[in-house]
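**Student:** Kindly generate the complete structure, drawing on both the sequences and the hints.
2 protein chains.
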Amino acid sequence: MEKENVSTALLEELIKNRQVEKIRQLFELVPTIDIAEVANEISDIRDLVFVFKTVKSDYTAEFFTDLSADVQEKLVHLFTDSELVNLLSASYTDDIVDFMEDMPANLVSKILKVVDKKTRTDINRLLNYKEDTAGSIMTTEYIELDSALSVKEAIEKIRVIGQDAETIYTIFVTDKKRNFLGTIDLDQFVFSKPDQNIEEIADKAAITVGVNTDQEDVASIFKRYNLNAIAVLNEDQRLTGIITIDDIVDVMEQEATEDMSKMALVTPLEDSYKDTGVIKMALKTTPWLVALMIMAVFSSMVLSSFQDVLSSLAILSVFIPVLMDTGGNSGGQTIALMIRGIAVGEFGPKDFLRILWKEFRVALLVGLMVSVFAFGLFIGEMYLGIVHYAPENITGTALFLERMKISGLVSITLFIAIVISKCLGVTIPMIVRALKKDPALISAPFITTIVDVSALLIYFFISTQIFQLV
Amino acid sequence: MEKENVSTALLEELIKNRQVEKIRQLFELVPTIDIAEVANEISDIRDLVFVFKTVKSDYTAEFFTDLSADVQEKLVHLFTDSELVNLLSASYTDDIVDFMEDMPANLVSKILKVVDKKTRTDINRLLNYKEDTAGSIMTTEYIELDSALSVKEAIEKIRVIGQDAETIYTIFVTDKKRNFLGTIDLDQFVFSKPDQNIEEIADKAAITVGVNTDQEDVASIFKRYNLNAIAVLNEDQRLTGIITIDDIVDVMEQEATEDMSKMALVTPLEDSYKDTGVIKMALKTTPWLVALMIMAVFSSMVLSSFQDVLSSLAILSVFIPVLMDTGGNSGGQTIALMIRGIAVGEFGPKDFLRILWKEFRVALLVGLMVSVFAFGLFIGEMYLGIVHYAPENITGTALFLERMKISGLVSITLFIAIVISKCLGVTIPMIVRALKKDPALISAPFITTIVDVSALLIYFFISTQIFQLV
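Protein sequence lines correspond, in order, to chains A and B. Per our numbering, the first sequence starts with residue 592, numbered consecutively. Per our numbering, the second sequence starts with residue 592, numbered consecutively.
Note that these hints are calculated values from the structure, not bench results. Each residue gets a CB set at the ideal place from its N, CA and C atoms; glycine is no exception.
Simulated coverage check for chain A against chain B, where a stretch passes if three residues somewhere in it have a Cβ under 8 Å from a Cβ of chain B:
no., stretch
1, 754-764
2, 832-842
3, 849-859
4, 871-884
5, 915-927
6, 953-966
**Tutor:** See the structure below:
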């Protein structure tokens, strides 16, 4: 059976005709995620219960994890207690906790009622860790070996207890008091002598994290040290869980998605886009638009107080959008580079001055190129008639000079707006970060507002005071 | 020795005093990346050569990979041929290729001259794969076993050839003709009988990729199927390399950084922010600002043709920034959600209508909330004197109605701009993606321009035609 041929119709037919052998074969040949995807679309969820009765729990535990949240919920409702026990005992605790987090209270208690005491304690403990900490993503199924064992004894033990562990590629070594000593990679067993003591081959410099370490920091540590798994220690430095690389891959994806959302002024979604309703979606986006609108009051104030100028010289209004857009875009460029650099740990507030100096020089160069180009563009627009500016009684050289004045005014303002926006683009994310807040969410609105207001003030200052246009 | 105590000064001192034992101890106790970080700052690179003479090549190969590109380059210059051979024979081919890609031609040929023939062939082959394909990130050091072996024979073989492989956790099984048959996870050996044939325990449904598969697609496959390693097949379906999860972690980070850069209108940097010079940085950002400025010609055209209206009713200028900003921000929100959803494979062009319908309803809701709020805000601004609007000879109820008209005009325009921008925010990325182009880079400029122009046209249409304000 090929993955390409798996469809909801096929699955429904196999179930309806009670094709036990074919269903089992399906799970052996096709990855569970591919089956789950078509199973999510099944018309009667009750049919799926038959799959859980038929297929080995090794497969169904993974299959269940891959199903969508609402199908999982309906299934837990439908399962008898013994079916639930079968499923849960084959599942990893961190996976159980993952789907329990989205379930209503009655189903949570249904699950807690049927699991054994140790699992219940583990689940409750994991559910209690703050979201986005190492504790909340760790699992409690790992191989922990006493440092006194020999390599041969250790391999025997791994054979016995390894089936239930989330990874057997990293073994965690503790002393008699369960204090963490170090890790052993499985390949070291392959290359070691059977009678060697495992304490000798354990890597005692192994990196660890605490239960309250932020998951983004855990991800940075995995990347920096090329880890496959890491030990999570509690406040007493005892081994209390582990995190494996596949969970880190999810964390990285989630964190990148969140940062992108925040930069685009969307409060990060708890679920996927598909699973987020229309009303919720509107509530995740509207507050930011409203907040920015409130901050735009300052720009309106500036414009309002220069209404006379705008009335007598309407050409000034024509260039306001280009001024606002370019200032905002240029600041946005710098913010994005800063936020990403901070997120991946390339730099931080301590590098502030060095980066500000660099970005200041970048801004001078960008500002120069953009404003020289803009100067030519605006004069061109006026002569091509795209923008109409021909004051009465002025022609020839006098008109040319007049048009140069206007283009020069806009270009100089652009130059200053770019320099300001890029310097703020460094400064504000760094300050926000130094205050231990998230730079992605707060930076853009502030910078847009400050750049808009200062660009307008400069615009009117140059036009009235220096060029005396009005 | 603790990681915290490692400093450039310490390293320099150890080298100056030829403290061979202490240097070796340092590499046993501290991760190479932490040593590399302080080694990058060393004042005389020649001192580092001593480290490579002293420390086991297992460590130095990793250490070399962790050094910065310019330090690597200087070292390759300084190494004798035999030192270079030592280093390279302990390094993985994909790591060698990684640093060779940034080196000048004379150093590339220095390296190619000293490596053995097989490595030279591998390097040349890997260097020839197109950037960002599976071929360009794969490694050629993996464990490939003949399907005819027994479990016991396989373990013996792994012991012998495993030391040089990038991973021993996934074993790749091929038939006599080197056609790929399937994979075996190392833990299956631990749980299998010694005389079993390995063909029986191989996972024949194992997912593979081709040498030309895009690295972003490879990353999606790793995430979807929770893989640790994947086989890369050439055009003849022969096994030609493998990719491991640690390389995928780098790909994910790189792709997320690139998408964020593009959304913020920065051409993705080839190097890190730190390693990119001021001039290069300016060249990565300026073209986008200029491009958007050229596209803003259309907004200028619209404003220019309504200069009479703006002259006689300057209050209209006051609200132009709020209109532009809100339209741009609201479209930006939708684009970010689309681009990320497409990037992580949550949806694609085939889901276009469903998502457009959803986002249309979101837009109605967001537009309604924002414009109702805006209506109140603008009236408030006028009565608080933040925005000055009091036409001559109008007071009391007439003034109130007049102010309601202006606020209403801006609010209705805002509503329409939000709906247009969100619908375009779905449509444009989907079209760009359907054309097999990268939606992140092209979407924002188009949407900003279309939204700006249409918002301004609507603004002036309503004010002149419907409200007959001028």
